[in-house]
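Peer 1: Sequence:
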Amino acid sequence: MIHPIEYRYGTKEMKRIWSEESKIKRMIRVEIALLKALAKKGYLSKEEVENVRRKAIKIKPERVKEIEDEIRHDIMALVRSISEVAECRWIHFGATSNDIIDTATATQLRDSVLILEEKIKKLALLLAEKAIEFKEVVCLGRTHGQAALPTTYGFRFAVWASEVARHYIRLKQMKQRLLVGKMSGAVGTQAGFGKDGFEIENEVMRLLNLKPVIISTQVIPRDIYCEYIEFLANLATTLEKIAVNIRLLQRAEVAEIMEKFDAKQVGSSTMPHKRNPIDSENVCGLARIVRGFVEPQHQSAILWEERDLTNSSAERITLLEATILTDHILTKLTKVISGIAIDLENVRRNLESQKGLNLSEAVMIELTKRGADRQVAHELLRNASMRAYANQSSLLDELLKDDELLKHLTKEELVEILKPEKYLGTAFERTEKVVEWIRNVVNEG
Numbered sequence: 057m058i059h060p061i062e063y064r065y066g067t068k069e070m071k072r073i074w075s076e077e078s079k080i081k082r083m084i085r086v087e088i089a090l091l092k093a094l095a096k097k098g099y100l101s102k103e104e105v106e107n108v109r110r111k112a113i114k115i116k117p118e119r120v121k122e123i124e125d126e127i128r129h130d131i132m133a134l135v136r137s138i139s140e141v142a143e144c145r146w147i148h149f150g151a152t153s154n155d156i157i158d159t160a161t162a163t164q165l166r167d168s169v170l171i172l173e174e175k176i177k178k179l180a181l182l183l184a185e186k187a188i189e190f191k192e193v194v195c196l197g198r199t200h201g202q203a204a205l206p207t208t209y210g211f212r213f214a215v216w217a218s219e220v221a222r223h224y225i226r227l228k229q230m231k232q233r234l235l236v237g238k239m240s241g242a243v244g245t246q247a248g249f250g251k252d253g254f255e256i257e258n259e260v261m262r263l264l265n266l267k268p269v270i271i272s273t274q275v276i277p278r279d280i281y282c283e284y285i286e287f288l289a290n291l292a293t294t295l296e297k298i299a300v301n302i303r304l305l306q307r308a309e310v311a312e313i314m315e316k317f318d319a320k321q322v323g324s325s326t327m328p329h330k331r332n333p334i335d336s337e338n339v340c341g342l343a344r345i346v347r348g349f350v351e352p353q354h355q356s357a358i359l360w361e362e363r364d365l366t367n368s369s370a371e372r373i374t375l376l377e378a379t380i381l382t383d384h385i386l387t388k389l390t391k392v393i394s395g396i397a398i399d400l401e402n403v404r405r406n407l408e409s410q411k412g413l414n415l416s417e418a419v420m421i422e423l424t425k426r427g428a429d430r431q432v433a434h435e436l437l438r439n440a441s442m443r444a445y446a447n448q449s450s451l452l453d454e455l456l457k458d459d460e461l462l463k464h465l466t467k468e469e470l471v472e473i474l475k476p477e478k479y480l481g482t483a484f485e486r487t488e489k490v491v492e493w494i495r496n497v498v499n500e501g
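Position in the sequence shown counted from 1, then plus 56, gives you our numbering.
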């Protein structure tokens, strides 16, 4: 074994779809579907087709590889393998190599999308569930890595859930463009089939539960694959965003969130105390690999005239690895979210550590409502905040020294204004609204 996908990354169900054995079986199914379509037009009998089908399904990948090593052409090796076990002059009739390759690939994409769709739905609903569970857990918001206004953990999970739900929508919309095959010959004109071309192509696609591409050359236009890889890259980016934030919130000095850590799990070979967020880190690392496939796939769309072969070698890697790795990190992050723990004491500690400074806007807003000029109020709060930093005091302490401010607000009013739970706006309502939208989106799908 050479590649980590073989032994470390990827789920069994997704790797099974993209295995060499699966690819060959799928290409054989395309050839059989073509024979069935030809039989329907009277080229050969149903009995002849069944004879080929019964014998072809037993072909081993090793035999196809032996022939390919000799003749250096993968599809002709497949055709010869079928012809070896079942004589039939109509095998591969009217077709070109990529009629078989691209259509078989479409069946791989179809089955992969079913898995991805279900897992994206599961993650979106899981994040929505966490949003409701932690709806009222008030925490310190951060912008630029610095303390900002209060927010809630429910709101955070709702934001993440909304992104994942949008990917679910994108995938649904993309399927009609992605899951297409072809049976159109060497340059796309269906010359080998004559006037029967449309009917034969439609029948092959019907048998394989695909749609025929609207037009093609020798290959299906690669903008279709580009969109798919871009989708995987976009999804992987959201997964990494969530994982990065989990890692940030698990840092020792923050310690608000914790990945599940198994009883016998080891965090470090030399530091026994370590509880590293390794699953989230795994998501981040592999998401970068997935995004790296965008450029080679775009390059593979730039083909000479009716086609050249520059896309072939690249796509053996891009489609397979991007799909398997995205499925892997989607599965991994779902596991992380399922077992995630929030330390409520640390959440409160970090919130209170700001000594009210992160609520300077709340005071400024109230001052403006009471008649102060907004810009004057901003400067007053900025000065008070800078003094609090310098004196290591609370914002309240510094505000109580300001006679101008006390003309508008009493100490008791300031104490109330500086309570984090009093300055959440529509956080609860927006969280509930987003969760309702997500549940409607995925259930309608």
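Treat each hint with caution, since some may be false.
Stated by the list, open to error - Calculated lysine-lysine pairs in the DSBU-like style (CA-CA distance at most 30 Å, straight line):
#1 K191 with K68
#2 K391 with K228
#3 K116 with K96
#4 K391 with K231
#5 K175 with K391
#6 K267 with K330
Said to hold, decoys possible - Just the calculated beta-carbon pair ranges, DEER-fashion:
#7 L400 with N265: 46 to 54 Å
#8 Q431 with E488: 32 to 40 Å
#9 K475 with P328: 53 to 61 Å
No lab work stands behind these hints, which were simulated from the structure alone. No experiment lies behind these values; they were computed from the predicted model shown. Backbone N, C-alpha and C define an ideal beta-carbon position, used for all residues, glycine too.
Peer 1: Going through the earlier hints one by one, which of them does the structure break, listed in rising order?
Peer 2: Hints 1, 6 and 9 are the ones this structure does not satisfy, whereas the remaining hints hold.
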